[in-house]
Amino acid sequence: MNTKNTTLLIIISIIISYFSKIIIDYYLTSDEFKDRYSLFEYVIKDKIIQFGSDNKNDLFDRSAAAAAAYHYNEEMFYNIKISKEVEDALRSGKPIVSLESTIISHGMPYPQNYETALEVESIVRSYGVVPATIAILNGTIHIGLTEKEIHYLATVGKDAIKTSRRDIAMVTSMGKTGSTTVSATILFSNLVGIKVFVTGGLGGVHRGAETSLDISADLTELGKNGVMVVSAGVKSILDIQKTLEYLETQGVTVVTYGSDEFPAFFTQHSGVKTPNRLDTIEQCAKLLYSNQLLQLKSGMVIAVPPRENEHSELIDRAIKESIEQSIVDGILGKDITPYLLKKVNEKTGGKSLESNIELVKNNARIGSQISKHYYNLLKNKQSPSSGTNSGGIKGDELVFNYFDQRVNSFLRNYFLTSDILLLNGPNRLKGLKGPKPNKQLADNHIEYDIVVVGGAVIDMISHPFKESGFQMETSNPGAISIKMGGVGRNVAEVLSRLQMNSLFISLLGDDVHSGLMLESFQTMNLSLNGVGIKAGSKTAIYNAIMNDRGDLAVAIAQMEIFDEITPSYISKFDLTSSKLLVFDGNIPTESMTYLAQLSRSKGIKLWFEPTSVYKSSKIVEPFILSSITYISPNRDELIKISNEIIKKGLIKFENIITNDINDLENIKKHSIILIESGIKYIITKMGSKGVLLAYKKDDGEFKFELFSAPEVPDNKIVDVTGAGDSLVGCSIYSILQGHNLTTAIPQYGTLCAKESLLSTNPVSPNIKVSLFK
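All residue numbers for the sequence shown refer to the UniProt record's numbering, where the first residue is 1 and numbers rise by one.
None of these hints come from the bench; they were simulated from the model.
None of these values were measured; they are calculated from a predicted model.
Treat each hint with caution, since some may be false.
Below, simulated DSS-like cross-link-like pairs (lysine-lysine); rule was C-alpha separation at most 25 Å, straight line [unchecked claim]:
hint	residue 1	residue 2
1	K703	K716
2	K689	K669
3	K361	K84
4	K602	K579
5	K602	K84
6	K697	K669
7	K343	K162
Whenever a hint applies, use it, and build me the whole structure from the sequences.
The following block contains the structure:
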């Protein structure tokens, strides 16, 4: 190639690199990335485990992967239990090393297995790293074992099922106890985001595998999960050369620590050249870091040569003899390794067991140091090829790469909210009608006393003229009224009219109807800080057509936009300083779970407004139910929730109970079911029969208080649609003024409900602070 062409190629490369950097920089600073690393939390066995920290720039890959996986595939964690020590490590961002349990049940006799397991964990802790021994106990997957659980597994021994990937479903479904092999431990480690796993030796390709196809599942699992396995290499009973070839096919990076020769478990010398060599802990940590940064998905092997001892020749001889004996005895498959270890131990008079124990401890020392350096790299967010003070990838640019690739691919569409524009944010939709952004209020981290999350709906009601009658399948002369509604919006409007420091979080479409809603917000001086516009979506509309008697003939509900009020969108806003979180039944269940987790972790009270009979049962999950302080259903919604609780077997109720909404004693029974499920206060709106408050006193007695309905003659009632929401909003206002519910409901809530009954709007303009003076 001549000089002219070379120069041209260099210039083109520079131009491409320059514009690529601009595009990447723009992408990495977009909302897409900012939305990926908000504080995730998830629940296991009714415990809250908060991943990451209050500093959003300090989110670890394991935390994002595990938490996101829980929020969007909750079933994955239905029978996983995390130990207190591991839970605390996940909370505080400490490095963790996982350990297998087959070495306890099948690798050593009792009590050496028990003693070694405790010693290995002690070594890990000595480096400031948390050990997470993994096993299945009575059908429950345990990430981290207590000393008592380790002792149980050690004494159970070979009665525990040696559990690989293929056995997990069988062991858990039958409630059995299983010790995890290398493959199963790799799988569970990656599932919860632990990236360093220490073991004794790796499984591999068995001799004669070209005919038997006997290849360890350890190798295929390494090809599927981005976990670094620190071991003493591959046992010499296996075909080491074929094992390395197979690992190459699986895309697994194989490294020997400080040697050019791949180790053979009991000995440093296998006669097989290692694919790669690294000589320092820092290099190994950077390898793992780079693997995660690139999202390669496949794992890594760090083979640590065991320390030489005077028994090496004796052990080698015993191994050869034991292999020959295994052929005679016809030992195959998963039984071969325990068989050979036992035979070698017998032939060496216990010397091989001593070597086995020592090499496991040595691997724990190396693996713990790698884990610690790896998490230091994460905290510093430095480039794997850079020095401490050099340039490299920093800050938010790395956050995207912290997601486990499987979870990330699932979340790619769910978590991208860059097409949502906050109305008081910097990217306000141009040409949109409504109030201008208030620069003083444009900060999403303003502290609010009350946050309402829910729906903003345009109600279009069509009434045919009585004189012309009503007919289907043709045009009918009549009148159409348009009102601004939505339960969340109505409650937020009440709070705004009462001058409360509140935030309303909702979404509108980028259509013409959103302009109507925004103009109404401006009229009532309702803050737009939590309202966003979703590109390509339609604003929620309830379109009802009444017949000539005033009854509903047909209706269309366009509510899909509420599915976009996701945990990712809600997490844009700082809710941690709130005294009360209110949500309606329009938002997705996962968002309800997110708010429940937030309320528990921050000690914030939670109020649920069911919205409709159909939507009311969304909360019937044990964790959500037990997180709610206040609930304000009507009678039909109360009964629906109660029946769903019984149907799911969450509460056993022996008394006779019916669906009769007019029987007060029956309503009380349904209220008791909700209280027993964990909700503290049940505020049932019963129309003209008033409001029933139900709760449980400290002495265990159920307390019921009935408050009269507003005194409004039927011929004076203009509209009933917003009366319940007004009652809720004004009761909330009263509670925040320091009153209890026995004052809030009759003296504030009922008064506001009366004003709404007399108004053409769902929320009466007469609702203001002066109303209570």
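Each hint, compared with the structure:
no.: 1; hint: K703 / K716; in the structure: 34 Å, violated
no.: 2; hint: K689 / K669; in the structure: 17 Å, holds
no.: 3; hint: K361 / K84; in the structure: 24 Å, holds
no.: 4; hint: K602 / K579; in the structure: 10 Å, holds
no.: 5; hint: K602 / K84; in the structure: 20 Å, holds
no.: 6; hint: K697 / K669; in the structure: 16 Å, holds
no.: 7; hint: K343 / K162; in the structure: 19 Å, holds
Violation of the numbered hints given earlier is confined to hint 1; every other hint is satisfied by the structure.
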